[in-house]
Amino acid sequence: MTIGAALPLLLLATSLIPAVATFFIPERSHRRRTVLNVTAAVVKVVLVAALVAGVLYYGLEFEWRAAFLPGIDLVLRADPIPLLFVFLSALLWLTTTVYAVGYLAEDGHQSRFFGFFGLCVTATVGIALAGNLVTFLVFYELLTVTTYPLVVHDGTAKARAGGRAYLLYTLTGGALLLLGTVWLHALTGPLEFGQTEVVEALAVQHRTTLTIVFVILIVALGFKAALVPLHGWLPQAMVAPAPVSALLHAVAVVKAGAYGIVRVVHDLYGLPLAQDLGVVMPLTIVAAVTIVYGSTRALIQDDLKRRLAYSTVSQLSYIVLGISVVSLSSTTGGLVHLVHQGIMKVTLFYCAGNLGKRGVHRVSEMDGIGRRMPVTMLAFTVAAVGMVGIPPTAGFVTKWYLGLGAAEAGQPWIIGVLALSSALNAAYFLPPVARAWLRPAPGGRSGPAESALAGEPGGWLWLPPVATAVSVLGLGILAGAPLSPLTWAAFIADELMAS
Amino acid sequence: MSDLSLAAGALVLVVASPLLGAVLAVADRGHASSRVVALVSGLIALSVAALSVTVAGSGTSVALVLLAGRGLELTLVADGLAVAMVVMTTVVAIAVAAFATVEDRTNPHARHPRFWPVWFGLWSALHLLFLAGDLLTAYLMLEAIGVAGAALVSLDGRRHTLLAATRYLYAELVASMTVLAGIALIWHQTGSLRFAELGPELLAHPGGWLALGVVTAGLLLKVPLAPLHLWLPAAHAWAPSAVSPILSAVVVKSAFAVLIRLWFLASPELVTRLGAQLLGSLGVVAIVWGSVVALRSAHLKQLIAYSTVAQLGFLMLLVPLVQAGSSDAWRGGVLYAVAHALAKAALLMAAAVIAEDAERPDVEAMIGAVTRRPLAVFAIGVAALSLVGLPPSGGFVAKWYLLVASLRTGQWWWLPPILVGSLLTAGYLLRLLRRAFATDEPAISRSTTSPVAGVGTAPEATAEPADLGFDARGALALGLALVTVVIGVRPGALLDLIDIGAPLVTGGG
Chain A
1 MTIGAALPLL LLATSLIPAV ATFFIPERSH RRRTVLNVTA AVVKVVLVAA
51 LVAGVLYYGL EFEWRAAFLP GIDLVLRADP IPLLFVFLSA LLWLTTTVYA
101 VGYLAEDGHQ SRFFGFFGLC VTATVGIALA GNLVTFLVFY ELLTVTTYPL
151 VVHDGTAKAR AGGRAYLLYT LTGGALLLLG TVWLHALTGP LEFGQTEVVE
201 ALAVQHRTTL TIVFVILIVA LGFKAALVPL HGWLPQAMVA PAPVSALLHA
251 VAVVKAGAYG IVRVVHDLYG LPLAQDLGVV MPLTIVAAVT IVYGSTRALI
301 QDDLKRRLAY STVSQLSYIV LGISVVSLSS TTGGLVHLVH QGIMKVTLFY
351 CAGNLGKRGV HRVSEMDGIG RRMPVTMLAF TVAAVGMVGI PPTAGFVTKW
401 YLGLGAAEAG QPWIIGVLAL SSALNAAYFL PPVARAWLRP APGGRSGPAE
451 SALAGEPGGW LWLPPVATAV SVLGLGILAG APLSPLTWAA FIADELMAS
Chain B
1001 MSDLSLAAGA LVLVVASPLL GAVLAVADRG HASSRVVALV SGLIALSVAA
1051 LSVTVAGSGT SVALVLLAGR GLELTLVADG LAVAMVVMTT VVAIAVAAFA
1101 TVEDRTNPHA RHPRFWPVWF GLWSALHLLF LAGDLLTAYL MLEAIGVAGA
1151 ALVSLDGRRH TLLAATRYLY AELVASMTVL AGIALIWHQT GSLRFAELGP
1201 ELLAHPGGWL ALGVVTAGLL LKVPLAPLHL WLPAAHAWAP SAVSPILSAV
1251 VVKSAFAVLI RLWFLASPEL VTRLGAQLLG SLGVVAIVWG SVVALRSAHL
1301 KQLIAYSTVA QLGFLMLLVP LVQAGSSDAW RGGVLYAVAH ALAKAALLMA
1351 AAVIAEDAER PDVEAMIGAV TRRPLAVFAI GVAALSLVGL PPSGGFVAKW
1401 YLLVASLRTG QWWWLPPILV GSLLTAGYLL RLLRRAFATD EPAISRSTTS
1451 PVAGVGTAPE ATAEPADLGF DARGALALGL ALVTVVIGVR PGALLDLIDI
1501 GAPLVTGGG
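For the protein sequence lines, the chains are A and B, in the order given. Going letter by letter, the first sequence gives residues 1 to 499 in the working numbering. Going letter by letter, the second sequence gives residues 1001 to 1509 in the working numbering.
Among the hints, a few may not be true.
Interface residues of chain B toward chain A, partial, derived using beta-carbon atoms under 10 Å [said to hold, decoys possible]: (1) Ala1027; (2) Arg1194; (3) Ala1196; (4) Pro1374; (5) Ser1422.
Covered by chain B, according to a simulated footprint, are these stretches of chain A (three or more residues, beta-carbon under 8 Å) [claimed, not checked]: (6) 146-155; (7) 159-166; (8) 178-191; (9) 213-227; (10) 302-309.
Simulated from the structure, these hints should not be mistaken for lab results. Fair warning: this is a prediction, and the values are worked out from it, not measured in the lab. C-beta: ideal position from N, C-alpha, C; glycine also.
Here chain B stands alone, though its shape is the one from the complex:
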């Protein structure tokens, strides 16, 4: 009993504590001091730790119904998927918050006063989404996440950022309308929106597939899965350096988590082989499309954004394999989501640091970076390890299980996309790393690249590189990237967590 109430308390706190941060930040007129950020982040971390320890310790999902019997009940479900996603969100968000705090310290007035309230709001919405036990809550949170995400992108108010944010918002709106229409259909047919009650009811109605299809289409636009990804690269590439990591790492997983929950936990009876294979094929399209553009992209953050498009394709391979009855694929797919989040956030943070001192946004900013910013380059290297799927990293373990699942289910046709996709990933990330080691190219210095260099100012001495001091942001990126290595060395605990409440009888691995 006390265990259950502890879990229930942790559940509520996991959602509520980021909201506290939002309130404090509003009260402070948006200028959340580093102390407030650290305090709230610590509180969130504690509650998430308490939740994951109780769920992992008991080995079963924890469900909590709030506001029962008032017609507006809110169900929270902490199963393996939910807890893994919440832990992922919190680890990434804390690293990015610390990154933003360091930025605030060096440049105290650059941060828009609405940043921190929106940031904590987004954090809370993400937690609530992953823990949501009914489709309506999930929908509302998706909506909130979309609006908060677009708001964060637009905060600096430059023309192209506004444009990117507007496109992002439009895509979100279309997706939301579609999802809402599907939800209405589902409600019409089943009279319930709780994930736990949907399956058999939907199966009994002829329109069940239609409803599921409509919701799925909306979710795919939100994820986004190619060919619906066209809004993503601009939004993620133009977002401020403290925003793109959370968007590319965590926000993209929100609609994905709802999708797999709906398909495999709520209504597995409705999922057909054809539908699953179709989604898997779209995943392959995403892998190829995203990778090929990333291989040619001249813009640093755009390259990384297309990498996200491709990596989301890998994630989608979970669908056909789980449909075929593989519990290995569930492990692999969910772990892939976690590993990708950590690596991608680290990659974006490190890239931001490097692009900032080079004062240019293209891949050439990487030239000679290993001398200027060794920690950031090391972070990119370690992140690349996981994204490519090399051991020891979380990405390796995830790919291992996806490959095992393909072989065990006899769906060998996913093997080439996984392996070739990994090599393509290595190809575009190597474009960054090989430039980092360059010594014979003209070094980038502030005075040669600044558009106003030499106009009315004395030319700077360029012979000696300036001492940049300790690179705290690079160290944060490296720390985050090394978490994937820790997962890669000791994946057992996380895999056990993911197995809790997994859609199939586990132990098939």
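Next up, chain A with everything else stripped away, as it sits in the complex:
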């Protein structure tokens, strides 16, 4: 096996093997479990770095394939778009693993948790690197299934209800995805991502069928991407432990849906064909509606994690909006938001988890919490400012490119949507920040803590949000640097638009 074939497989193995091994680690061996999982996460980051370097500097091709069904291969391939997603998930897996180790320190089922956690990441890497729709489908469904035990991890009636809603929605989406995939295969035979000319050639004869299949695929993926009205599971699933929310909202699940939409539009149909079929504009409108609706619902949630969940509904559709508008800047903005949304949202969920550890679950309980937990709240503030889109954060970069793209494409109404959404973002993100820093704490104890970390929960829980919050700033300030996600996204958009 050449290195080109081995590396993608190795990326899967670095989370699959530790995950399976973790199931067999006795519950009490905290150290062994932690060392195994953190090491695996670090190794994966190194491998992803090697992958990126190989593609960028040495022009290597990374592709692994194996016969699956007669005539259909399982393919893992490191194309430019996959690299963006793999890079994000590897980095956030590392921070989330560190976070989960601290967060679950007193939990009684850690081996089960980390086992399924590793399986989820395996599935995510598979989704990211999938070289055709069948491979994507296999890992997409695997992700659905392996996330369920994490969502219901606490075992409470609420957690189980959340898990049930989660499976109900995602399995329905999965069934539709299967239908769309089979249908497309029945028309085209073997089909890989990037072979848009194959689908294009069919458009002459099978216009209506292709349109129907496109709609089926987008609706199917829309369940996980939480497009309104398919988003109902996301606010319910927020009962899961904080590291799981991070996984759902930033690293894997919703991202898999949005990423799938990117690939269907750009790598399966191709934007020109999709435009020709008249399905792009409706997608843009659905995304715009989702953005405004999610923000409006977020505004009225007092429960912090619920508010964050509706914010995810809204933020994810920036990605869909960006890639469905035909212009260089929009596509850049949509693609880069895959990374930016992940890093900002993961920070917010880490912070919400830390606040939850101190008994703060609602926005109305956050008065004066900034003095007791300055580190957490500083990270929260940075990420919230990013979400609103204030410079110099990553969120600003996204919104700038989306707005620019809307102008380029001659669709100024999108700028209106973005402005409205930013106003709403500010309206639901700034009040908790203001409460935390400006209002006195209830019960009169308002003096600053003896040290910065005294009020923080133990177990290094402050570290991951700080790391990701710094990245939120870094990705904003250094957006134009070589190797930044923005540069990479612009490069991809350039290629997509050129073809």
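Once you have looked at the hints, place chain B on chain A.
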């Protein structure tokens, strides 16, 4: 030549080796020791492996005529369908036999002395049925399987088990009479009962359709296909824990295999679109009926039994699609049968383990099971993966081909039943899994649920859960369920095997 004789030897051994087990068990007064069970199972496994390797290696069916020219000739045909079914039978039966052996070890005198002889007899009859090259042998084996199945259900002698077994037996008898009447008609018209010779002869006679119809009706009652399934749930739900897996996984496939062999391999000329569509529609009825009852069922094994009713409906979708000329449907349907067998047996084994420590038969036995019996719960999860048809599993590949077949033949109306049926499957299996993760419900412990708790005995300490040790039976269930995952990752070899002797020109996929 040597290859052929090797295949012939393997064929004979495949049927004969379980009989050896029956003889040894009788000689041992039924108390087959684990060593005997392991030895015989190993021998069966070897012969089945030899058979499948030779058939898969040569890529053609192997036929063997025994007792030729004595008026009583017995034809054995090892084509793709037969070998796939035999492999399925053996894999499931070995897992269940091991499961029963573990039970015997913990509870040495609970097993009825007739269990092991009947068990090995059933195993042998199943193999002979799948390999039968003529209708008479198939009929006799169906009869033997029915009687052995009912006997195994009844062994514990409790009132409701006897009742269930009696109903099972009556249904089998009615079905057998019907099949026999049809066979008599066929013989009357064609003078032959060999599958290979039936088709053109039957077509030439006006009564051919009638004969085929009568046999089909009998077989449908045996499978059973809704609405003829009413005998099944009680029999499968009340059967002992080592019996229901073989019944729900393998025995239900016996009449199905005869049916599709008769329709598509023996007399494809007689099969009409109308008849095929009718059978497919009954399949849809089965999917909906079985799933809806399973969604509401309070009893754990009854829920699983109705799941079997529904899954048999999926299997029946093979009929209209193969009739329309799809080789994908043959692959999908036969693979569905195999995948269902592995998953269903694993599901029943795991459920038995969990219900046993909870000491209650309803779905609430699942509460908190993930802490008590993680391996068994994991087995249920993996089995559910395949039953729902999620990748990577054999069930996924099977559903993929059924969907491809529906689209390619233009029979799009089977798409909604397949997809909605899969979601319903997820719905009723999720009822088990979500309870397994519960932590806030009162935990089930022996002392709170036993009907005689506290009567004259000291109350047990309930604070610390008892250390249950290594769950060998849960591990067996998990191992069996993981076989479907292996098939799901590498389905190529099994699909190639199924294609051997398939009713249509293959390669259309």
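Now the hints, each set against the structure:
Interface restraint check for B/Ala1027: the shortest CB-CB distance to chain A comes to about 42 Å, outside 10 Å, so the restraint is violated. Hint status for B/Arg1194: violated, given a least beta-carbon distance of 32 Å to chain A, over 10 Å. With 10 Å as the threshold, the beta carbon of B/Ala1196 stays out of range of chain A, its nearest partner Cβ sitting at about 28 Å, so the hint is violated. Hint status for B/Pro1374: holds, given a least beta-carbon distance of 7 Å to chain A, under 10 Å.
Here the hint on B/Ser1422 is kept, as its CB sits about 6 Å from the closest CB of chain A, short of 10 Å. Beta-carbon proximity to chain B at under 8 Å applies to 6 residues in the stretch 146-155 of chain A; the threshold of 3 is reached and the given coverage holds. Under a criterion of three residues with beta carbons nearer than 8 Å to beta carbons of chain B, the stated coverage of the stretch 159-166 of chain A is upheld, 4 such residues being counted. With 6 residues having a beta carbon nearer than 8 Å to a beta carbon of chain B, the stretch 178-191 of chain A meets the requirement of three or more and the stated coverage holds.
Requiring three or more residues with a Cβ within less than 8 Å of a Cβ of chain B, the coverage given for the stretch 213-227 of chain A is violated, as only 0 such residues are present. Counting residues of the stretch 302-309 of chain A whose CB lies closer than 8 Å to any CB of chain B gives 0, so the stated coverage by that chain is violated, three being the minimum.
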